[in-house]
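J.: If you want the building blocks of each chain, they are given just below.
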Amino acid sequence: MTRSALGKWFEGGEAIVSQGEVGDCMYVVEQGEVEVVQGSGEGSVRLAVLGEGEFFGEMAIFDRDVRSATVRALGKVQVMTVDRVTFLRRISEDPSLAFRIIKKMSGRIRDLNNELTGLKGKALE
Amino acid sequence: MALATEKPQSDRNSAPEPGVEANSLKLADGSKVAVVGGGPAGSFFSYFLLDMAEMMDLNLQVDVYEPRDYTRPGPASCNTCGGIVSESLVQILATEGISLPESVVQRGLDSYVLHTAGNSAVHIKTPLKEKRIAAVHRGAGPRGIKEMKWRSFDGYLQELTVSKGANVIKKRVQKVVWNGGRPQIETKDGHVESYDLLAAAVGVNTAALKAFEGLGLTYKPPKVTRTYISEFLLGHETVEKCLGNAMHVFLFDMPRLKFSALIPKGDYVTLCLLGKDIDSELVGEFLDAPEVRRCFPPDWEKPEDFCHCSPRMNIEGAVEPFADRVVFVGDCGVSRLYKDGIGAAYRTAKAAAVTSVFEGISADDFRQHFWPACQKLETDNKVGGLVFMATRLVQKLGPARNGVVRMVSGEQEKEGSKRRMSGVLWDTFTGSAPYRDILARSMHPAVLASLAWNIVAGLVPFTRKNKRGDKHDT
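Respectively, the protein sequence lines represent chains G and S. Take 143 as the starting number for the first sequence in this note's numbering and just add one per residue. Take 51 as the starting number for the second sequence in this note's numbering and just add one per residue.
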């Protein structure tokens, strides 16, 4: 039995969001995994792999800038689109809705710090 | 209910019990919380209370009193509701980390079909073409169900609260009184227990509210109206073929009928009627309408015996749904007019939980931090009254009805068009946006101008666009 009957399906390799495009929604992974990739071709770098319950695309909601990375389905993936207006309206009514987002984003910053420390350590060697 | 005769504060001289800081009316480590009612409001309150208490390193005991058994079909588990989780609530729950599983969602809906007398049906799709409305059964299924393929929605939410650490007590609460300044619960079988905080989430369809009269609060229950809900067994394939993944809304000019919809579930289709004095005669008249007949198989006849009920629905919020150590959430407090009752339960329950953990549990705390969320719903309901008045006007006036259908048909034909009227109707029927937002969008000059044009054009025979509706038959 699949995790949810709701949301939208994407096939493996299909781009859910593309770097540089304008976005007005974020996504929650309902089932499967996605990869977050920056750049294109041989110079592309995989930033993260996100699984069930993780979200992506939230940066475009907050900073109104273009998508900073491409997110592609790793195999068959089911995602739920969360509209910017619905999300922001609800956060203005209930700021505690942002707790989970802040917690996840804190985790990502912590991961990035660890990676940066590792890279700096290698550069000094 | 009676006016306040006794306040818990009068008993504050008694020695403070463990669990609450002396005289502070704040939850502390070891506080005991009773939740009376294990429907969506009770479960959302328990879930978020425990979730936020964990963040604040508060260890709470949360007891949910709910005698219903969500594994048994029929009245034993039913919470008498149309069973729609709105598009906005589905998104927000996903953001909260609550994804509704396929074992609960009987059908994901991605569109609706608008039926009006004398016009072809118009199929209205969301721009994203994504299933973001969940059709569920609140209980384990209708009376007489043979095979339970899906789980109860309320049961699923209850499991979530248990996973957070809540205790479910399958007992019926008979009486609530003050004991040493704290609410004390007495169950039918004689179980007695005092709590630091009591959340009432008993809805408006049981006699449970009577149990709270012993508290002597200034609380007055909400005003209610009757609705009509029935469940027809068609089988999964037939539901798929006849109704698809769309909610079917009917704008009929029938006396006493305000709103009507068919909601496809798994093996069943749910009929929801809103209006005045809905009786079997009106139900029969509705089901015999050709536009409704087309949503059922040609040889379908209304069965002799089927699961149906006339539940009450909150149409005007409760007065003062809080006191020291007591808060009313969900339908027994404040809800949304006609739509998205589960969404309103989520909002009021979460506001009460946030207040209890971060602010306190006094009447003043609830007035300052919980009541604004309720008032926002109440204010929006007043605007909603205007929206539904306009909808009824459109139902009654043939040219206006035809103009709306013509306008929506035109919007659906053009890929990439703004689809303003389709959006207004979508949010009105699905309860996905605040009514003030719907009213503002429907008053947009472009909508009014286009509607006026479509009404006039609809009155002129043999225009090219008058043939549109034929393309949208379902």
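If you're looking for bench data, these hints aren't it; they were derived computationally from the structure. These numbers come from a predicted model, not from an experiment. A few of these clues could be false.
If you only want the chain G side, here are some residues facing chain S, beta carbon under 10 angstroms, derived [said to hold, decoys possible]: (1) P237; (2) S238; (3) I243.
Stretch by stretch, here's where chain S covers chain G in the computed footprint (C-beta under 8 angstroms, at least three residues) [as the list claims (entries may be wrong)]: (4) 148–156; (5) 219–230.
Cβ atoms here follow ideal geometry from the backbone N, Cα and C, with glycine treated the same way.
J.: Take the hints in turn and mark each one as holding or not.
T.: Hint by hint, here is what the structure shows:
For the restraint placing G/P237 at the interface with chain S, the shortest Cβ-Cβ distance is roughly 9 angstroms, inside the 10 angstroms limit, so the hint holds. For G/S238, the interface hint holds, since its Cβ comes within 10 angstroms of a Cβ in chain S; the closest pair sits about 5 angstroms apart. Against a cut-off of 10 angstroms between C-beta atoms, the interface hint on G/I243 holds, since the closest Cβ of chain S lies about 7 angstroms away. Only residues whose beta carbon comes within less than 8 angstroms of a beta carbon in chain S count, and the region 148–156 of chain G has 3; three or more means the coverage holds.
A count of 6 residues in the region 219–230 of chain G with a Cβ less than 8 angstroms from any Cβ of chain S is obtained; the coverage claim is therefore met, three being the minimum.
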